[in-house]
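**Student:** Sequence:
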Amino acid sequence: MTKEDLLTQELKSLRKKNQQLKETVKILQLEIKKKKTKKLRQAYLSMMMSTNKKFHFITQ
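All the letters of the sequence shown, read from the start, carry residue numbers 300 to 359 under our numbering.
Think of the hints as simulated: they come from the structure by calculation, not from any bench. If a hint is listed, it holds; no wrong ones were tucked in.
List of simulated lysine to aspartate or glutamate pairs, DMTMM-like, C-alpha gap at most 20 Å: (1) LYS315 - GLU303; (2) LYS315 - ASP304; (3) LYS334 - GLU322; (4) LYS316 - ASP304; (5) LYS311 - GLU322; (6) LYS333 - GLU322; (7) LYS321 - GLU309; (8) LYS332 - GLU322.
Just need the whole structure built from these sequences, with the hints factored in.
**Tutor:** Structure representation (structure tokens):
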């Protein structure tokens with residue numbers, strides 16, 4: 300194998316690793332988004348519950 304062949308092989312290997320990392324990053328971003336959405340939903344629901352209680356006392 301020549302030096303060029305080795306470099307070409309290494310380049311292919313790095314490109315493959317890069318593609319795998321990009322896919323992993325996409326998956327992790329989706330997971331983070333899901334968790335943030337879940338936390339936001341929980342915070343919104345707890346806020347609504349507390350405001351509903353306040354309004355409940357006002358309307359009584």
